[in-house]
Every structure is written in C-alpha cells, then in structure tokens.
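Chemist: Now for the letters of each chain:
There are 2 protein chains.
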Amino acid sequence: MTGSHSFDKALDLQPVDDTRMRGQTHPDWANMVGPFGGITAATLLHAVELRPDRIGEPLALTVNFAAPIADGEFDIALKPARTNRTNQHWIAELSQDGDIKTTATMVFGIRRDTWSDDESRMPTVTGPEGLEVSGPPLPWVSQYDMRFVENPFPAEDAEPSESSRTTLWVRDANERGIDFAALAAMSDIFYPRVFLRRGGFFPAGTISLTTYFHANGQELESIGGDYVLGSAHANRFSDGYFDQSAHVWARDGALLASTHQIVYFKG
Amino acid sequence: MTGSHSFDKALDLQPVDDTRMRGQTHPDWANMVGPFGGITAATLLHAVELRPDRIGEPLALTVNFAAPIADGEFDIALKPARTNRTNQHWIAELSQDGDIKTTATMVFGIRRDTWSDDESRMPTVTGPEGLEVSGPPLPWVSQYDMRFVENPFPAEDAEPSESSRTTLWVRDANERGIDFAALAAMSDIFYPRVFLRRGGFFPAGTISLTTYFHANGQELESIGGDYVLGSAHANRFSDGYFDQSAHVWARDGALLASTHQIVYFKG
Chain A
1 MTGSHSFDKA LDLQPVDDTR MRGQTHPDWA NMVGPFGGIT AATLLHAVEL RPDRIGEPLA
61 LTVNFAAPIA DGEFDIALKP ARTNRTNQHW IAELSQDGDI KTTATMVFGI RRDTWSDDES
121 RMPTVTGPEG LEVSGPPLPW VSQYDMRFVE NPFPAEDAEP SESSRTTLWV RDANERGIDF
181 AALAAMSDIF YPRVFLRRGG FFPAGTISLT TYFHANGQEL ESIGGDYVLG SAHANRFSDG
241 YFDQSAHVWA RDGALLASTH QIVYFKG
Chain B
1 MTGSHSFDKA LDLQPVDDTR MRGQTHPDWA NMVGPFGGIT AATLLHAVEL RPDRIGEPLA
61 LTVNFAAPIA DGEFDIALKP ARTNRTNQHW IAELSQDGDI KTTATMVFGI RRDTWSDDES
121 RMPTVTGPEG LEVSGPPLPW VSQYDMRFVE NPFPAEDAEP SESSRTTLWV RDANERGIDF
181 AALAAMSDIF YPRVFLRRGG FFPAGTISLT TYFHANGQEL ESIGGDYVLG SAHANRFSDG
241 YFDQSAHVWA RDGALLASTH QIVYFKG
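Chains A and B, in that order, are what the protein sequence lines are. Going by my numbering, the first residue of the first sequence is number 1, and it counts up by one from there. Going by my numbering, the first residue of the second sequence is number 1, and it counts up by one from there.
Isolated chain A (complex conformation):
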C-alpha cells in the first residue's frame, strides 16, 4: 500500500481522542450526492484496522447510510462492543457537526485452518483484456478500471432489461493492490439495479450494505492489482425498495466476498 494513492488519501484518519478519529472527504471519490458509499464503507473498516486493540481480520461489515455526507471533515466514533478470545464486535458512528450520517457494525476475527470448500461458481466469462473500459462520468468511477461482461451502465435511451444482473471485471485504475478496505469499497461498485431493469436513470440510494469477507489477508495480497470479477443481481423490487446480492471473485475463481444491500428508489 502506498500513501500517495487517492484511495489511501481518502482513508487517511487522524486520532482525535481514544474513541474518535477525524477524516475528510476526497474529491476523487465524489458520487452524485456525497461520497461513493464504497469509500465510506472502506473508511469505517480502516478506522478499526488502525486501532491498536483490534483483534484479527475483517469478517463482516454492515454500513447504514443514514444521511448524505457533506464535503469536508467527518468524525468516526468507535466502540469495541465486545472482545472475545478470537473475535471482536465494533460499533461505529460517522458524524458531521454532531449529526450522525452513517452507522456501522463490524466483526473482526482470527482465521484458523479448517475444512474448506468454495461452493460458489464464478461465471464462465471472457477475460478483461479484450473488453472496453466504461462507466458513467463520475469522479469515483474514474478511480476504477471497469470492464463490463454483461449489462453495463445503461445509455439514456436504453430498453428495460428482463434481468437485473450485471457482471464486470474491475481493478483499481492505478493497480493499487487489493486489501480488505479496497474489497469493502468494491462491494458497492454496482450501479442501482433499477437503472437496468427500467432502462434509465432513477433516483436511488443504498440504505444498508453488508459484506462478508471470505478471503484472508494473504490471499488478497497475492492478487495484487489484478482484476477481480463482480456479479450482482436483485431479488425483489417493491414499495420503493429493492435488495441486491453480489459476489466478488479472484481471477482463479476463489470467492473473495459476498455482499448484500437494500436500496431506496423512486419510479
């Protein structure tokens, strides 16, 4: 990891006191309203990673996007709700001027060698090399090299799609090596499934995002800055909300993360 990369700059946090850290939104990671949700998720995870009393590696992260984060400084308050022998439960609140904007819970734990099996099956798709880079003109999108295998961001005159599934290869645009924070950010890389189903742009925003980290730190390190494959789909759209489930695999087919979210939409 190099501190000069814009991902690391966005994750830069300074201690305020024993329970608080201060960060600042970074223009490279701006979305349409406030920062990209993935960078907020990554920052919250990184806040725990920085804690000297932290035990183990990330296992689970839930981020609740309660209100838009304004450009500028924010505070992250961290509380180790429970420390066990092999895992640790955290509660985090991100606030600006005393207003809570985001809440999160995280579980970190020690990984041990056990029976293992990867039941997920990475879709058989063409490699990233022959595909075009694409994505909407938003600052955070430019931080990634996204190559869509199936159902890219819909054009303005797009037809509705019968399937909500998007599959893409993605890596950091500057090939910064993947780590838990980067994987947390990539978990939120899929544009809202309602755009695809309805063929166009509709107001939409993630309300709550949960990511389970399957890979261990060594496994992530071995990927370096290579592409990973992400595939996302929705289950049900109703009453102004839909869910999304997604999986992220290494090029060799190993499942790195399972990630789920519930999204608000209009239309």
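What the hints contain is simulated information worked out from the structure, not anything from laboratory work. One thing to keep in mind: the hints can contain errors.
Think about it this way: if two alpha-carbon atoms lie no more than 30 Å apart in a straight line, the pair counts; the simulated DSS-like pairs of lysine-lysine are [unchecked claim]:
1. Lys79/B with Lys266/A
2. Lys9/A with Lys79/A
3. Lys79/B with Lys9/B
4. Lys266/A with Lys9/B
5. Lys9/A with Lys9/B
Could you slot chain B onto chain A? The hints should help.
Modeler: Chain B only, in chain A's frame:
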C-alpha cells in the same frame, strides 16, 4: 397476534426508562447454548416496534451475536441514530449485568407504491401437506412445524452432501400469524450449513445476521398462519467461517425476505 402464544411471551418487554426495555429469555425458545438466534433478532426488532417515535415498517435488520445470552433477564438499549422524513436508523444493544451480548442496527421506513417486480423464483416443490414434520429435539424447534423438501437435519451417520442447500416449508406450530418479528425469527431457522456439507454435527454459531424485509405489513397479514417456503445455501467455507444466503417465500411465490449470515464453525 395473541399475547398468550409463547412467541409473544418471549417478545414481552417492559420499559425501564426512555431508552431501555427489559425482557427475559423464555425456555420454549432455548437452543443448545442460550436462546435461538431468531428469537433474539425478533425481540430486538419488536423493541423498536414498541417505540412510540418509530417511523414506518422494518426494512433491514442486522444482528451481531457477540456472546451467548444467559437464561434470565436482559436489557435492550435503543438509540434512534437518525430520523429522516421517510425512514429511521436505529442502534440497539442487548446486555446482561452491563455486559453487551448482542448488537443490532435496524432501518425502518415508509413504504410507497412504486414500480415493482419479483425477480426471485420460488423453487417448484411439492406442497407441505404430504411431507413429514421433522427437526432436532431442541425447545425452539418444537415451536415450529418444519417440513423439509430437501436436506433435513442430518442423521448421526449421514454422508457428506455435495450441496449446502436446504429447502423447507415452515409455519408456527400453533399457526400464530406471521408478522415482521416472526419473519425475523424465521430468517434464522436453517441449521448450520456445515452440518449438511460434512454430514454430522460440528460446533457452529451465527456471528452476524442480516435480513431485508420485502413484504409489507398487509401482505404478511394476508398469509396468516400458513406455511412459508425457506431455502438456504452457503457460498464459501474457509478459515473457520462460512456465509449463508436464504430466501423466504409465501406459498403464492412472493418473496417475503432475503436473509444472509456469517457463521463460525470448527472442524
């Protein structure tokens, strides 16, 4: 809903002050160690339902099982982290003698009529009527009428299964009508997937559970005490942890909830 049912007794909470409620574990809902995780999830959700300042219906629930809950009294501290016009974010902590045992975040929101589509496909299976009731001899299991379509709780001399998928019909044993709390409890009804894959019993416990509620209150009410179909599978087992994703449908094929968890296991 009738207060005389053991589900409602387990959810009985008394206000302690403006931010705290007190409950008590109920022997009917005991698991091997502490209460069934589903009843804890339901109790936390119900605590918010009881709040006079609560807005809307449950959309998302994440419960982190930080430590076993001992038989007896527990306190639930609730904090409305953020109240918006159409939704509300809650943080909850369940403690015993000042020790945090469970944390949770919940999002409640107002549902509005929008474009809707159910992309999930309920598996085509035989109805519950011709199937046998089964399940391991645990108090909480007796509170349900479970009829397995595929991969019931493995016998002691079971062979390992190549698939981690279990599908079952389930209803409350006394046909208590389904509501959000009951659906939250049913989200945790699937025995640990490692039992199935390895063919036997292994120490295992849910660490974090997330449920997204797709159905609205009216839709749930129309189901009454009828069976719902649940189907669960795992994606990856490694380093002592695995994830599970499950879906719960009404008999007419409507997806009621998507639910996900990460589980600790030995073996």
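Chemist: Do the alpha carbons of Lys266/A and Lys9/B lie within 30 Å of each other, as the hint requires?
Modeler: violated, 39 Å
Chemist: Decide if the proposed pair is consistent with the structure: Lys9/A and Lys79/A, CA atoms, cutoff 30 Å inclusive.
Modeler: holds, 24 Å
Chemist: Is Lys79/B close enough to Lys9/B, meaning Cα to Cα at most 30 Å?
Modeler: holds, 24 Å
Chemist: Are the Cα positions of Lys79/B and Lys266/A separated by 30 Å at most?
Modeler: holds, 28 Å
Chemist: Decide if the proposed pair is consistent with the structure: Lys9/A and Lys9/B, CA atoms, cutoff 30 Å inclusive.
Modeler: violated, 52 Å
In terms of the numbered hints stated before, the structure departs from hints 4 and 5, listed from lowest to highest.
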